[in-house]
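Protein sequence lines, in the order shown, are assigned to chains A and B. Numbering-wise, the first sequence is residues 217 to 823 according to our numbering. Numbering-wise, the second sequence is residues 3 to 300 according to our numbering.
Derived from the structure by calculation, the hints contain no laboratory data. Backbone N, C-alpha and C fix where the C-beta goes; we use that ideal spot for every residue, glycine too. Heads up, some of the hints might be wrong.
[Unchecked claim] Cut-off 16 Å, straight-line C-alpha distance, at most; resulting in silico cross-link-like pairs (EDC-like, lysine to aspartate or glutamate): (1) Lys788(A) to Glu252(B); (2) Lys233(B) to Asp264(B); (3) Lys233(B) to Glu186(B); (4) Lys527(A) to Asp344(A); (5) Lys788(A) to Glu218(B); (6) Lys527(A) to Glu515(A); (7) Lys727(A) to Asp236(B); (8) Lys233(B) to Glu218(B); (9) Lys788(A) to Asp809(A).
[Claimed, not checked] One-sided and incomplete, this derived list gives chain B residues near chain A with beta-carbon spacing under 10 Å: (10) Arg32; (11) Leu91; (12) Ser142; (13) Ala146; (14) Gly148; (15) Ser224; (16) Val225; (17) Arg242; (18) Pro245.
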Amino acid sequence: MSSIAASSSSIAVLLSGNEAIAQGAREAGVGVAAGYPGTPSTEILEALVRSDPDREVYVEWSSNEKVAIDVALGAAVGGTRALTTMKHVGLNVASDTFMTAAYTGARAGLVVVSADDPGMHSSQNEQDNRFLARFAGVPLLEPSDSAEARDLTIAAFELAERFDTPVLLRTTTRIAHARGLVTLGERRAPSRAGFVRDAAKYVMLPGFARRRRVVLLERLEALRRHAEETPLNRVELRDPAVGVVTSGIAYQYVREALPEASVLKLGLTHPLPEALVRDFCARVGRVLVIEELDPYLEEQLRALGVAAEGKRFFPRAGELSPDGVRAGLRAAGLVPAGTPRTPAPAPATAARPPVLCPGCPHVVPFLALRQLGAIVTGDIGCYTLAASPPLSAMDSCVAMGSSIGMAMGLVRSGGASGPVVATIGDSTLLHAGIPALADAVANDTPLTVLVLDNGTTAMTGGQSHPGAGATIRGDGAPRVDIAALCRALGARSVTVVDPYDVAATYRALEKAIASPGLSVVITDRPCVVAPVKIRDTPFTVAAERCIACQLCMNLGCPSIVWADERYEGRHKVAIDETTCTGCAVCAQVCPTDAIALVTEGAPAHAG
Amino acid sequence: MPAESGSVLLVGVGGQGVVLSSAVAADAARRSGFDVKQSEVHGMSQRGGVVSSHLRYGPLVHSPLIGAGEADAVVALEWNEGVRAIPALRPGGTLIVSLDRIPPPSAFVDRHGGAVAYPAVAPDTLRRTVPDVRAADATSVAAAAGNARAMNSVLLGILSPLLPFPAEAWDGAIAANVPRAALEANRAAFAAGRALRFPAAPAPGTGRPRRRAPAEPPSVGSVDIVDAWCKGEDCAICVRACPEYVLGFEPDARPVRAVRPDACTACMLCEILCPDFAITVRRAAVPAGPSLVAAETT
Ligand SMILES: Cc1ncc(C[n+]2csc(CCOP(=O)(O)OP(=O)(O)O)c2C)c(N)n1
Ligand code: SF4
Ligand code: SF4
Chain A
217 MSSIAASSSS
227 IAVLLSGNEA
237 IAQGAREAGV
247 GVAAGYPGTP
257 STEILEALVR
267 SDPDREVYVE
277 WSSNEKVAID
287 VALGAAVGGT
297 RALTTMKHVG
307 LNVASDTFMT
317 AAYTGARAGL
327 VVVSADDPGM
337 HSSQNEQDNR
347 FLARFAGVPL
357 LEPSDSAEAR
367 DLTIAAFELA
377 ERFDTPVLLR
387 TTTRIAHARG
397 LVTLGERRAP
407 SRAGFVRDAA
417 KYVMLPGFAR
427 RRRVVLLERL
437 EALRRHAEET
447 PLNRVELRDP
457 AVGVVTSGIA
467 YQYVREALPE
477 ASVLKLGLTH
487 PLPEALVRDF
497 CARVGRVLVI
507 EELDPYLEEQ
517 LRALGVAAEG
527 KRFFPRAGEL
537 SPDGVRAGLR
547 AAGLVPAGTP
557 RTPAPAPATA
567 ARPPVLCPGC
577 PHVVPFLALR
587 QLGAIVTGDI
597 GCYTLAASPP
607 LSAMDSCVAM
617 GSSIGMAMGL
627 VRSGGASGPV
637 VATIGDSTLL
647 HAGIPALADA
657 VANDTPLTVL
667 VLDNGTTAMT
677 GGQSHPGAGA
687 TIRGDGAPRV
697 DIAALCRALG
707 ARSVTVVDPY
717 DVAATYRALE
727 KAIASPGLSV
737 VITDRPCVVA
747 PVKIRDTPFT
757 VAAERCIACQ
767 LCMNLGCPSI
777 VWADERYEGR
787 HKVAIDETTC
797 TGCAVCAQVC
807 PTDAIALVTE
817 GAPAHAG
Chain B
3 MPAESGSVLL
13 VGVGGQGVVL
23 SSAVAADAAR
33 RSGFDVKQSE
43 VHGMSQRGGV
53 VSSHLRYGPL
63 VHSPLIGAGE
73 ADAVVALEWN
83 EGVRAIPALR
93 PGGTLIVSLD
103 RIPPPSAFVD
113 RHGGAVAYPA
123 VAPDTLRRTV
133 PDVRAADATS
143 VAAAAGNARA
153 MNSVLLGILS
163 PLLPFPAEAW
173 DGAIAANVPR
183 AALEANRAAF
193 AAGRALRFPA
203 APAPGTGRPR
213 RRAPAEPPSV
223 GSVDIVDAWC
233 KGEDCAICVR
243 ACPEYVLGFE
253 PDARPVRAVR
263 PDACTACMLC
273 EILCPDFAIT
283 VRRAAVPAGP
293 SLVAAETT
């Protein structure tokens, strides 16, 4: 934020890991940065834009991670340092390029940031992307706090250029979204080395690729020798009885739980410095590997013949924590078993799962789909929250863009007990939905596709996308017309409807479901939270008219609460005027017209 | 560098400003010469879910996360979240909690019995578990100081005397992190919070036993359908109107059926709306279903 001031001198400022990566990239002279939003990676490019009011760097939100890595690879081939950022599952999408970019390398440094989400705070899985670096054969850097996030970003660009390879910089939620003190260095203007034609390096025809495969393997050997010497891997010799091999955030937990232990702290974790590891393990008594998620280091140590212990004591599922490390050390007999302190018990509390916002345009379409008895394949975005009560109107959510293909399969399975509807957000449609929609059209699938167009990528905080009409810097931009896009793909029935109009939305979906072949319904209303907050005159409930039927409670609007007053034993409702956005949806479903606009000065209802 | 170290957990509901409050406190620690680490989770939880931020300061801080039962203080911007965070406190730690209540939609799901799943607001009860509870009506204090939305600064003001950060460090941190338009309101709210004294003098009316809301008879019903009068799926008014999704059709069958009979609350909408008078709803006397958290608030 304000922390990355325009001028940089050697003072320590508080930066999140994401801000530190942006800072490191600026100090390394990054020229092009492209990414697709995804927690916990999103703030890297946002911080980069804030740090660059003079627009020295080209920064974009790409339509998906594959496009982003291609943009970055092309930029690096063109001779400027390039950064691409994504969440862990984003690298699955980008992996087609990633795997072969490991063959081509580039001219200028190419750094790929994968922000993993152990514990799945905001994700559909918790895959450990360190394996993807090994899979592709590229170097892997793992920072353990914000200061290292900056340092390793700079190191990543240098490594990338020195060895002519993409570098994977892998963070996790507790690096990306943790803040720590970072000493800033000077920013550099983007490097411009220029493009040099080299078909044997950049045209991966089998004949050329076979040669590059050999280059890749030789490069890995050179990198392994480098890993033995680099200060990014360091031995901290203390008590020789126990040696801990660790990387990333786990290092910090180990330093606190076992301050006297010797530690091999790995910052460059692929390729593994085998001699360094063997040497360290020979100098200590018992070897423990403490790492978050999968036994990535542990298995490699075992393959080296080291009797390393790890996942026997430390969890493989979920996020590691100081408590988890301590529990593992107790199980390993390394800290006194004793009784862990029992924290004060909490009295019963209300669960608080995430919910759709007051006035969210995604509510009504799902209310209609539930009433229509549809089988709903879902996708990823705010609208996935429609799977939870009270809407309870989504039957699947797997990966971005999966809704349409899965719906096609459900239709063809013959097993669907009701009409099949695929629901997909605008950002998700442009990310991975277009090929599936083309497929559905071309195979004449009897299916309804509901596109939830709220003009933004809302779940991750309101980033622009190709249908939003703005760039990451907020400049106006040409926009993809989603209705025209669907028609161009061959959909014959395309209906645009306002999701704040309950009856119209219901009828549009009812009609689409009843019509043969493929129909597209697009709900068109901006998100009320991002990129701009939208507030209209709030609504209020005339208590004397409320029969406590609970119809409005079925919207799940957080602004509607139970009043103390009851009617025939049921709670009447009230509206929190400070959070109501005035969408008027509840007023439309109320059978007694008890909900009306707050009128200034006068009581809401004359009676 | 100062020798002390400490941990503060800030909690609240998405959109309340937990992250900003934590940034202010972290910056105050930095300005006081401490090493600082701070960790929060952005993303999905910001859609009305729980937001928490861990803050640790000291001569040298490794972990950005506070272990369970190790926080010196919890600062809660919302009542339920303050109660939930109690296990984070070390013995003798301080719970600073706003009396603001944001019941989630899922607190209102007991359609038959009407029990509200939200903990009663009763700081005195909490003091049995946590001796040092500093509960304040932060929104009212902030409103009196100029802007109700600065309630988080009131809570930081209450926190400030507990931490070894000088007043200039706090003021510098507020000035550097709060948007300019809201700066003066937040400074005033911070000062108002800092001036509050705990344990507070009992407000008039507190200390008397709370009157529990009288138990209401549960709201349960059953539906009688005159099959011959029902026009079937072409009408379906009752199916769409029923708030409890009680009514539906078997495939290709004409008369409407109670497909979720146990869910009926006897709200009568179907009986009132059926154009053919085919439905009669009877209120039934059935014992209350299991109530959720015993938490009817007064
Ligand atoms: C491959 C991949 N990239 C990124 C994400 C992160 N992500 C989850 S939801 C979402 C945005 C979806 O936007 P949209 O479809 O427009 O729905 P909205 O949230 O606006 O309702 C993103 C980027 C992801 N889950 N998977
Ligand atoms: S952020 Fe926007 S799209 Fe997401 S739940 Fe809120 S209103 Fe809906
Ligand atoms: S108008 Fe009704 S549904 Fe819309 S935000 Fe306000 S209370 Fe919620």
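Cross-check of the supplied hints:
no. : hint                   : result
1   : Lys788(A) to Glu252(B) : violated (32 Å)
2   : Lys233(B) to Asp264(B) : violated (24 Å)
3   : Lys233(B) to Glu186(B) : violated (66 Å)
4   : Lys527(A) to Asp344(A) : holds (14 Å)
5   : Lys788(A) to Glu218(B) : holds (13 Å)
6   : Lys527(A) to Glu515(A) : holds (10 Å)
7   : Lys727(A) to Asp236(B) : holds (14 Å)
8   : Lys233(B) to Glu218(B) : violated (37 Å)
9   : Lys788(A) to Asp809(A) : holds (14 Å)
10  : Arg32                  : holds (6 Å)
11  : Leu91                  : holds (6 Å)
12  : Ser142                 : violated (14 Å)
13  : Ala146                 : violated (17 Å)
14  : Gly148                 : violated (17 Å)
15  : Ser224                 : violated (15 Å)
16  : Val225                 : violated (14 Å)
17  : Arg242                 : holds (6 Å)
18  : Pro245                 : holds (4 Å)
Violated hints, listed in ascending order, are 1, 2, 3, 8, 12, 13, 14, 15 and 16; each of the other numbered hints is respected by the structure.
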